[in-house]
Each structure stands twice: as structure tokens, then as C-alpha cells.
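Sequence order for the protein chains is C and B. Counting along the first sequence from 1, when you hit position 15 you're at 15 in our numbering, and nothing is skipped either side. Counting along the second sequence from 1, when you hit position 25 you're at 25 in our numbering, and nothing is skipped either side.
Just so you know, the hints here were simulated from the structure itself, not pulled from any lab data. Hints should not be assumed to be uniformly reliable.
[As the list claims (entries may be wrong)] Covered stretches of chain B (in silico footprint by chain C; criterion: 3 or more residues with CB under 8 Å from a CB of chain C, positions within the stretch not fixed):
#, stretch
1, 3-15
2, 34-43
3, 60-68
4, 132-139
5, 144-157
6, 160-167
[Said to hold, decoys possible] Listed below are the simulated BS3-like cross-link pairs for lysine-lysine, each with C-alpha atoms no more than 25 Å apart in a straight line:
#, chain 1, residue 1, chain 2, residue 2
7, B, Lys59, C, Lys23
8, B, Lys56, C, Lys74
9, C, Lys11, B, Lys59
10, C, Lys83, B, Lys68
11, C, Lys223, C, Lys168
Glycine is no exception: its CB is placed at the ideal position from the N, C-alpha and C atoms.
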Amino acid sequence: MLQKNKTMKEKIRIFLETDLLEKYLLGTTSNEETLQVERYIAMYPEVRNTYIELQENLEIFAKLHAIKTPEGLKEKIQNKIKKGNSSRSKFFKYAIAASFTALLFAGASYFFWNQNQNLQEENVIVNNKIQNLEENMRLQLEDVRNQFIVLNNPKTKRLAVKGNNKAKELKAVAYVNPVKKLSYINVSKLPNLPENQCYQMWAEVNGQMLNLGVIQEASNSEKLMALPYGENAVGYITIEPTGGNSSPTVENIVANISY
Amino acid sequence: MSILLENHIIELLQERNDKAISLLYEHYGDTLYGVAFKVVRDEDLAQDVVQESFVKIWKKSDSYDPTKAKLFTWLFRITRNTAIDKLRSASNKSDKEIQMDVSDVYKLGTEGVIPDLIDVQDNLEKIDSKYQIVLDALFFQGMTQQEASEELDIPLGTIKSRLKIGLRELKKIYGSTMVFAYLLNFIIN
């Protein structure tokens, strides 16, 4: 025990003989030295007391050299510190403003992206509509051109069509041009039918029965209906339920045209 | 400085209340200015040092650990290091060598010294100059004991003993006076 005490005292004496404690006091020790000194201060009261004494002496010694500070220095320091504080709060203000702007920008970006997406979809739809219109226009123009050709061509045969007993008043004219292989029919007069019935046009070409659709009311009687062309073709007009039928009702044939 | 006031300032510092800076300046401003002047030996430079040091003290206030050092020790370290840095950059600018001038210890004289401390200055001169030189070199010139030994051409062992005796002498002369002065100061304020 005595031996141990002796070596400890020796250790402390050696430590105090170095200038580590003085260096630590002035804050010039390395990190490693700082840890060593702090360990000695914590472990040995003798070192601790020496350190406290050194601090007190430092303060006394420093006070001996005190000089009256010049006027205005305190205000300068206080202004500098206030400025530092306000620039810090300014920084936060800017940070908040910047975050808000970023959020707004993100929101706006999403909104515009969404808008753009919608507009692109609309654009596709509009383009399709325009294409359909163009196609319709082309078909209609071709139809009108063909009608003109057929009606003006001297080779065109004009066939008068009359209804049978079931529709005596029915009158139609078919135009057939074997050179251009085009045929049209103009239904000029149709007897009135009950609400639930309509006239439908058919054509038998090369042994195949083709549905040409429902004949509109007499209001557009000037309109020519295209007939598919074929050698020895037969056109039929039948009475069908409103909306048309998928195949002709043979017993309801009101007129036929061989062309 | 009374423990009470010291603790109050520490609390204010930890709360980041800038009243702490005002109190620190009132109680340590003159001493720290003196420390800065001792190192840089130029009034304008010393003022810059004090200004920079107080800004550092304010910025680093949350790094101060009262269990590791007294408040003044911490303030002294910051001011001394700022002053040494300032001196280095200033001497780099003018390309001048920093030379330790022993006579500077006495040159400070009475001009610019607080009247209250004049008798302290007188007392300072009562301390044997051989102790003063050592204390000055170690506390203000930024020297280690080894460096002071080489610079002053005094054996290292003598430096150590002069430091210890010098500090003991200080205590003998001022120990009681200082405590009384602080108490008085505290009562008046």
C-alpha cells in the first residue's frame, strides 16, 4: 500500500514537472495531451488543486495588465453580434422562402405536366377526328363525282322502277353504266308506312345478297343511292321493321330492278 | 469575480442571451483588452482582437464546459489565441519577425491603465522581474516552458521553479486584495 502510494506520488510529481498542465491552461495542448491532462485532473486531487490554483493565478496575473477599453468598443461588439444574429434569422427567412418557392415550383410543375398530358390526349383525339373527316369528305366527293359521271354519260341506261301490288305508288329510277361499272338508284316516291316499318334496299350481285341500308323518307328524294355494280344484278326494295333487317323478307318485296 | 455572477453569466451564455456579452465586457473587457495588447503591442490591433474574441465567445458559447475550466480561463484562451493569430497574420503582412522584448513588461506604464489598478501596477513592479519575465513569456508570448528556456537562456528547471514561485508571490501580494476588490465591486454594482 505504502509502495503503491509512493509510485502514485512519483507519477504526479513527474506529471507536474512537465509543462503539460500549463499548456492545458493556455489551451495549447494536442488532443492526446488534453485527454491525458483531463485524466490526471479527474484522478488526482493534487493535480486538480494545482490546476485550480493555476487558473486563479492566471486571472490575477491577467488582471494586473488590464487596460481601460476605448470608448465605443462595447457598442461595436454588440452591433457585430446583433448583426450576426439577424443575418442568422435572415438566413432562416431565406430558407423558408426558398422551401416555399421550391414547393410552389413542384406543384406548378405537376400542374403543367398534367395539363400537357391532357392536351396531348386531346390533340390525338382531334387529329383522329380530322382524319375521319378527311376520309368522309374524300368518300363523299368521290360519290358525287361518280354520280356526275353516271348521270352525264351517254352510255348510262335509265331504268324506271315501279312498285308491285304492295306499294303501287312506289316510283324509282335506276341509272346503270356498264362502261364505268357504276349504278345508282333514285327513289322519288314511297307510299307511307306504319311507324314500325321501313323500306330497305338490297342488291343480289354474283349470287350474294348485299344489304344497302334503309331508304330515307321522300324528303331527300333527290338523293342518289349507290348500287353495287355486277353483271345481271338484281336490286330489291322490301318492307322491314323500323331500323332495318339483316336479311331481306322475301314475301315483303315491293319492287325489283334487274340491271 | 464572484461565483454567483460567474454562474449567472454562464447561464445567460447557455440560453444565448446577448446580455451575457454585455456583462462579460463589463467585468472582463479591460483585462482581455490588456491581454490582447500585451500580445500584439498595438492599440488598433488589440481592439480588433477584443472585437473578434467577443464574437468568437458568443458563437462558441455552447462549447464552454464549466466543469473543465473557469470562465476566465476559457475567455483568456480565446483572446490569447486570437491575438497570437492576429500577430502572425500582421507580421506576415509586414514580413516582420516577432521578437520577444523583455523591456516591454515595464513599457506598458501608467497611460491607459485604469486608476483602480495603478497600485496593482505598482505592486506588479514589486515582483522580482526575473519572475515577471517568465510569467510574461509563458502567458502572453505564446511560449512553452521549453521555448521560454531557450529564448531567455534560462535552464528549464529554473523556468519551472520561477513560474511556481512567481505565481505564489502574486498570490501573496494580491490574493487578499483581489478578493476584497471583487467583493466590493459586487456590492457596489
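Structure-based check of all given hints:
1. 3-15: The restraint on the stretch 3-15 of chain B is violated, since only 0 of its residues have a Cβ under 8 Å from chain C and three are required.
2. 34-43: holds (count 5)
3. 60-68: It is violated: at least three residues are needed, and the stretch 60-68 of chain B offers just 1 whose Cβ sits closer than 8 Å to chain C.
4. 132-139: holds (count 3)
5. 144-157: holds (count 3)
6. 160-167: holds (count 3)
7. B:Lys59 / C:Lys23: Within the cut-off at roughly 24 Å; holds.
8. B:Lys56 / C:Lys74: Holds: Lys56 of chain B and Lys74 of chain C sit about 15 Å apart, inside 25 Å.
9. C:Lys11 / B:Lys59: 39 Å, violated
10. C:Lys83 / B:Lys68: 31 Å, violated
11. C:Lys223 / C:Lys168: Holds. Lys223 of chain C to Lys168 of chain C sits at ~21 Å (cutoff 25 Å).
Hint compliance for this structure: hints 1, 3, 9 and 10 are broken, all remaining hints hold.
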